[in-house]
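Peer 1: Listed below, chain by chain, are the residues.
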Amino acid sequence: MGTASWEHFEHKADIGIRGYGDTLGEAFEQIALAMTAVVADIDAVDATTELSIRCSEDSDDTLLFAWLNALIYEMATRKMLFSRFDVEINETKLNASVAGEPIEIARHQPVVEIKGATYTELAVYQANGQWVAQCVVDV
Amino acid sequence: MNFDKLERISNVEWKIDTSAGMRVPAIIYASEDLIRDMDDKVYEQVTNVARLPGIVKAAYAMPDAHWGYGFPIGGVAAFDAAEGGVISAGGVGFDISCGVRTLHTGLSLEQVMANQHALADVLYHHIPAGLGSTGHIHLNSPQMKAMLLGGAAWAVEQGYGERRDLERIEEHGCMQGADPGQVSQFAKKRQQNEMGTLGSGNHYLEVQKVVEIYDAAIAHAFGVHLGDVKISIHCGSRGLGHQIGTEFLKQMANSAKDHGITLPDRELACAPINSAIGQSYLGAMRAGINCALANREIITHLTREAVQRIFPGAHLDLLYDVSHNTCKLERHQIDGQVKELYVHRKGATRAYGPGHPDLPPDLRAVGQPVLIGGTMGTASFILAGTEQSMALAYGSACHGAGRSMSRRQAIRQWHGSQVIQQLADRGIVIRSPSKRGVAEEAPGAYKDVSAVVESADQAGLARRVARLEPLICIKG
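So the protein lines, in turn, are chains A and B. With the first sequence counted from 1, adding 35 to any position gets you my numbering. With the second sequence counted from 1, adding 34 to any position gets you my numbering.
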């Protein structure tokens, strides 16, 4: 069993995000943290407001694409940042509870706005006994 | 990029012959030095574009080409609908009609420098910039529809901007054929509080001084003189464009098989122009263009208000407004015949030459202004479209410097406050909500914009007219 974690990886114009977890759901939680970290310091984002996100797709990678785009949409329209993610995946269905707070420009110093998830380096796979979810996001 | 796969046509033109499913050759316009540093992904992507159905003549890459999504950024390709040609959401990009406009200020360098910090502050406070900022304008459903149909012309009708600006915008400020009904409720919701916001990333508002003139006659016709102070604005269609891009990328990727299209890369998601989804995207994308044009017009209005607070009576005229991420139906000469083609420009600027009927009468003799954004520490350039550019790459030129370093590398190398201090030492004032954002956009993270512009000039894509250096940069 590994440890859940996330990282950023290189892309010339934009940025790659990757999550690792013992389950598919945990990898999706971790990649969501990686996405928030593109914008702001996760530790500065309080998980005070909760909402739920659902999506359904017929493959793991398109489900990841849908999950990230659903988060980007909520971030954009609610002007929020999220720092807590609980994801359950049942075959092709994703049920998530996410929590965060409205952006405060002075405190969060948001770096960049995420325009969308892309198909570049989009992949969901298992390696060394762990689930890995990755994607390049357009900023 | 590996030179072995390229045939040298001239010092600044390289050809990739058709092979392995390519329908047409690929042409890269760039100096040897730029080619050497160019990402191998550009080779892969430009040859993938050459595989798409209905592509005409060649797939092109501009001197600033780099790794994009499906198309290289700095990619140009035209498609013939009658030959099964396609339209690609990836070929337009997420930030539909992202572009640059430049305003004359009529102010002297002395006036501006004596008030540099005050001007920086008023611009920064008056123009919403960065993530989490909200525009002053909130659109209800009928207003949203009118904006998506009217573009900058709608903004002017609402009291944002001036009627004579419209002549100096591509499509006279209003893209025809927009269909707001094809824009999803999600995209509209993402935009309802975003009008008149600058955005973030590489978007900016810059006060600049003209430091060099290369072509006195064209500069004079453009109203550009040594020592002038100009203001340039770089931004796009905000959340609405991003959402349209995201949704159609998925739809087109899913439907490609039904249209008998094999995608070499999912990001090249496309559909025949003459298909339901192709037409639907065309209507939505054109609405996205209008959103970008309206947005830049509103920001121009806010800029005028801000500048007038420091300099009452200042009058800011629009030099020109160019769009970078578009697909437009244009007439081009192909083998002696005039054809109507769908020209994709992804991270490339339209650069119509002298005499083109779409140019306003007072610019027709000299060609279209081509506005090239640089970084906050280097320079921007004004170029002009040339007669030969129509034949070289459908009247297109480069659009900017292009990154040479990832955001991750940049923040490992620099701190935002250090970048701000170094620029301050050189007399450049930065205002930004995010220090890390400034580090990610550090001048050193970009390619040499001068080399890019020189290649465009040598290749004949556009002619160098003037060089501008930043005095103030508002970074989203």
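If you're looking for bench data, these hints aren't it; they were derived computationally from the structure. Every residue, glycine too, gets a C-beta built ideally from N, C-alpha and C. Do not rely on the hints blindly, as some may be mistaken.
Examples of chain B residues toward chain A, derived with CB under 10 Å [said to hold, decoys possible]:
#1 35
#2 124
#3 150
#4 292
#5 294
#6 295
#7 298
#8 353
The list that follows gives simulated cross-link-like pairs (lysine-lysine, BS3-like), each with its CA atoms no further than 30 Å apart [stated by the list, open to error]:
#9 A:114 - A:128
#10 B:49 - B:39
#11 B:243 - B:223
#12 B:284 - A:128
#13 B:39 - A:47
#14 B:223 - A:114
#15 B:75 - B:284
#16 B:75 - A:47
Derived Cβ-Cβ restraints for the label pairs, each shown as a range [unchecked claim]:
#17 A:160 - B:396: 57 to 65 Å
#18 B:201 - A:162: 25 to 33 Å
#19 B:147 - A:139: 29 to 37 Å
#20 A:121 - B:66: 50 to 58 Å
#21 A:39 - B:201: 51 to 59 Å
#22 A:139 - B:142: 33 to 41 Å
#23 A:163 - B:55: 54 to 62 Å
#24 A:137 - B:310: 47 to 55 Å
#25 B:388 - A:87: 54 to 62 Å
#26 A:139 - B:343: 20 to 28 Å
#27 B:140 - A:39: 35 to 43 Å
#28 B:296 - A:121: 34 to 42 Å
#29 B:152 - A:161: 41 to 49 Å
#30 A:142 - B:41: 49 to 57 Å
Peer 1: All hints are to be evaluated individually against the structure, with a verdict given for each.
Peer 2: Here is how each hint holds up against the structure:
1. 35: Status violated, d = 13 Å.
2. 124: 8 Å, holds
3. 150: Where the cut-off is 10 Å and the nearest Cβ of chain A is about 23 Å from residue 150 of chain B, the hint is violated.
4. 292: For residue 292 of chain B, the interface hint is violated, since the closest Cβ of chain A sits about 16 Å away, which is over 10 Å.
5. 294: The hint is violated - residue 294 of chain B has no Cβ within 10 Å of chain A, the shortest such distance being about 20 Å.
6. 295: 15 Å, violated
7. 298: 12 Å, violated
8. 353: 27 Å, violated
9. A:114 - A:128: 26 Å, holds
10. B:49 - B:39: Holds - the C-alpha atoms of residue 39 of chain B and residue 49 of chain B are around 9 Å apart, at most 30 Å.
11. B:243 - B:223: 38 Å, violated
12. B:284 - A:128: Within the cut-off at roughly 18 Å; holds.
13. B:39 - A:47: 22 Å, holds
14. B:223 - A:114: 12 Å, holds
15. B:75 - B:284: 22 Å, holds
16. B:75 - A:47: 10 Å, holds
17. A:160 - B:396: 57 to 65 Å: 59 Å, holds
18. B:201 - A:162: 25 to 33 Å: Given a distance of about 58 Å, which is not inside 25 to 33 Å, the answer is violated.
19. B:147 - A:139: 29 to 37 Å: Given range 29 to 37 Å: holds, Cβ gap about 34 Å.
20. A:121 - B:66: 50 to 58 Å: Holds, since residue 121 of chain A and residue 66 of chain B (Cβ atoms, about 54 Å apart) stay within the stated range.
21. A:39 - B:201: 51 to 59 Å: 57 Å, holds
22. A:139 - B:142: 33 to 41 Å: 40 Å, holds
23. A:163 - B:55: 54 to 62 Å: 37 Å, violated
24. A:137 - B:310: 47 to 55 Å: For residue 310 of chain B against residue 137 of chain A, whose Cβ atoms are near 40 Å apart, the range 47 to 55 Å is violated.
25. B:388 - A:87: 54 to 62 Å: 59 Å, holds
26. A:139 - B:343: 20 to 28 Å: The hint (20 to 28 Å, Cβ to Cβ) holds, given that residue 139 of chain A and residue 343 of chain B are roughly 27 Å apart.
27. B:140 - A:39: 35 to 43 Å: Violated: the Cβ-Cβ distance is about 59 Å, outside 35 to 43 Å.
28. B:296 - A:121: 34 to 42 Å: Since the Cβ atoms of residue 296 of chain B and residue 121 of chain A sit about 40 Å apart, the hinted range of 34 to 42 Å holds.
29. B:152 - A:161: 41 to 49 Å: Given about 58 Å between the Cβ atoms, the range is violated.
30. A:142 - B:41: 49 to 57 Å: 56 Å, holds
In terms of the numbered hints stated before, the structure departs from hints 1, 3, 4, 5, 6, 7, 8, 11, 18, 23, 24, 27, 29, listed from lowest to highest.
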